Amino acid sequence: MDDKILIAKRVALELKSGSLVNLGIGLPTLVPRYLPSDMEVYFQSENGIIGMASVPGPGMEEPSLTDAGGGFVGAIPGAASIDSCFSFGLIRGGHLDLTILGGLEVDEQGRLANWMVPGSRLPGMGGAMDLVTGAKRVIVAMSHTAKGQPKIKKQCSLPLTSVRRINLIVTEMAVIEPTDEGLVLREAAPGVKIEEITAATEADLIVPAHVPEMQVDPALPGDLFYLGGTSRSH
Amino acid sequence: MHMNKVISCSKAVEMIPDGATIMVGGFMGVGSPHRLIDEMVRQGRKNLTIMANDTAFEDIGIGKLVAAKMIRKLITSHIGLNPETQRQVIEGEIEAELCPQGTLAERIRAGGFGLGGILTPTGIGTVVAEGKQIMEVDGKQFLLEKPLTADFALIAAHRSDYRGNLEYSLTARNFNSIMATAGRTVIVEPEHIVPTGVIPPDAVATPFVCVHHIIGRA
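For the record, the sequence lines run as chains Z and F.
220 is the number that the numbering used here gives to position 132 of the first sequence; each next residue is one higher, with no gaps.
986 is the number that the numbering used here gives to position 218 of the second sequence; each next residue is one higher, with no gaps.
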């Protein structure tokens with residue numbers, strides 16, 4: 089299974105019916121594809137919509153209905169449009185149940201860095217600092233390493249997004265939970281040995297006596313629901 | 769019966785001098801005043817301070833002001849999808865103040881609504897907090913973020929009536945309704961201009977008292 093699909097399928101298991109969820113740009117937008125079709129989850133996009141959905145079909149794109157990357161989306165019946173103050177009021181005010189974000193680094197205390205690489209990449213934080221600070225639950229969905237180097241480190245070398253401890257890290261190798269005691273290895277991906285995970289992780293991992301295998305359905309088709317327009321609205 | 773606020777795009781841009789501070793509505797080009805932006809590029813301006821959520825793409829929306837090298841300072845939350853903005857910032861051609869998106873929205877709201885600032889938990893313990901006052905309220909720490917206002921706010925709307933009451937469409941609202949309160953001169957570029965009364969009072973998102981000029985049909 090493709091690494092990104094594995095991560096998206098595993099993260100999808102964390103979503104709960106009736107919850108309000110915000111997805112970061114990139115990998116997190118794959119997650120809704122792998123939700124059970126009978127599950128009702130409400131997606132907020134910080135550019136101003138609650139109840140974002142996929143575009144219903146070709147030719148039905150609306151230039152004033154887009155996701156935070158500027159791609160075309162649709163909306164569920166009962167969706168609501170809001171301005172940027174309201175959107176971030178929901179995020180900071182404890183109304184957002186979950187955000188799923190990409191990551192550059194996570195440290196041993198569960199702190200995320202995902203908005204800049206000094207001197208080379210300066211995307212800006214966009215909504216990430218508000219999301220990590222304010223969402224009830226934060227899941228980081230990312231590759232375990234970058235160019236062979238661990239991304240889960242003792243200390244982040246990149247500027248932090250927030251000092252808030254995130255709730256879960258899902259990579260193509262493992263599921264890791266930051267706790268008061270440290271980073272706990274909760275699951276290993278199919279076919280991945282514990283030693284391989286610890287070798288690819290700079291931070292110390294707490295390894296319980298039994299680490300179950302990540303349970304994802306390899307047969308899940310992944311075409312049920314698609315968010316994150318590939319085409320731009322202009 | 770009421771003042772005619774409708775002016776041409778070129779007349780509107782002629783009001784804007786070099787060095788002006790301008791808020792521009794839109795989110796990745798969605799809900800940006802595209803005709804006003806094109807006219808600014810056509811007339812040419814320099815040393816502008818632009819406050820906007822993002823700089824869209826290289827050939828879209830605010831990205832065109834970047835490409836034409838009209839910007840000296842940028843207060844924004846995200847430039848990640850515009851490599852030319854990143855290049856100009858990294859090479860020091862543009863001075864950029866990166867501000868968390870929710871904080872940027874609230875700073876503009878504070879400026880427009882006469883507040884001395886806002887207190888937010890966002891940015892505490894990060895580089896965003898450097899040089900800023902931290903206030904403790906009921907045992908929780910907040911960052912004091914100061915208000916923003918501008919000489920001009922250039923915004924887009926779905927419909928304006930003859931008075932300048934505005935209605936927005938879906939995600940094209942974003943920063944527009946907030947910036948409409950914070951520009952000393954507010955210029956709206958509506959998709960449609962409709963008779964006063966067509967937009968019912970409950971649907972008015974920006975009341976006409978905030979709007980100084982309406983861009984007429986070309």
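Keep in mind the hints are simulated off the structure, nothing from the lab.
These figures come from a predicted structure and were not determined experimentally.
Backbone N, C-alpha and C define an ideal beta-carbon position, used for all residues, glycine too.
Take the hints with a grain of salt, since some may be wrong.
Derived Cβ-Cβ restraints for the label pairs, each shown as a range [claimed, not checked]: (1) F/L912 to Z/K235: 51 to 61 Å; (2) F/G907 to Z/A307: 43 to 53 Å; (3) Z/A234 to F/V774: 21 to 31 Å; (4) Z/V205 to F/E904: 52 to 62 Å; (5) Z/G181 to F/Q901: 52 to 62 Å; (6) Z/I164 to F/G907: 51 to 61 Å; (7) Z/P278 to F/H802: 46 to 56 Å; (8) Z/T267 to F/Q901: 48 to 58 Å; (9) Z/E150 to F/V962: 50 to 60 Å.
Cut-off 20 Å, straight-line C-alpha distance, at most; resulting in silico cross-link-like pairs (SDA-like, lysine to any residue) [stated by the list, open to error]: (10) Z/K242 to Z/K224; (11) Z/K224 to F/K841; (12) F/K841 to Z/D268.
Hints, verified against the model:
1. F/L912 to Z/K235: 51 to 61 Å: violated (40 Å)
2. F/G907 to Z/A307: 43 to 53 Å: Given a distance of about 51 Å, which is inside 43 to 53 Å, the answer is holds.
3. Z/A234 to F/V774: 21 to 31 Å: Between Z/A234 and F/V774, where Cβ atoms are some 54 Å apart, the hint is violated.
4. Z/V205 to F/E904: 52 to 62 Å: violated (33 Å)
5. Z/G181 to F/Q901: 52 to 62 Å: This hint is violated: roughly 22 Å between Cβ atoms.
6. Z/I164 to F/G907: 51 to 61 Å: The hint (51 to 61 Å, Cβ to Cβ) is violated, given that Z/I164 and F/G907 are roughly 39 Å apart.
7. Z/P278 to F/H802: 46 to 56 Å: holds (49 Å)
8. Z/T267 to F/Q901: 48 to 58 Å: Violated, at about 33 Å.
9. Z/E150 to F/V962: 50 to 60 Å: violated (20 Å)
10. Z/K242 to Z/K224: Not OK: Z/K242 and Z/K224 at ~25 Å, beyond 20 Å, violated.
11. Z/K224 to F/K841: violated (35 Å)
12. F/K841 to Z/D268: violated (42 Å)
When each numbered hint is compared with the structure, violations occur for hints 1, 3, 4, 5, 6, 8, 9, 10, 11 and 12.
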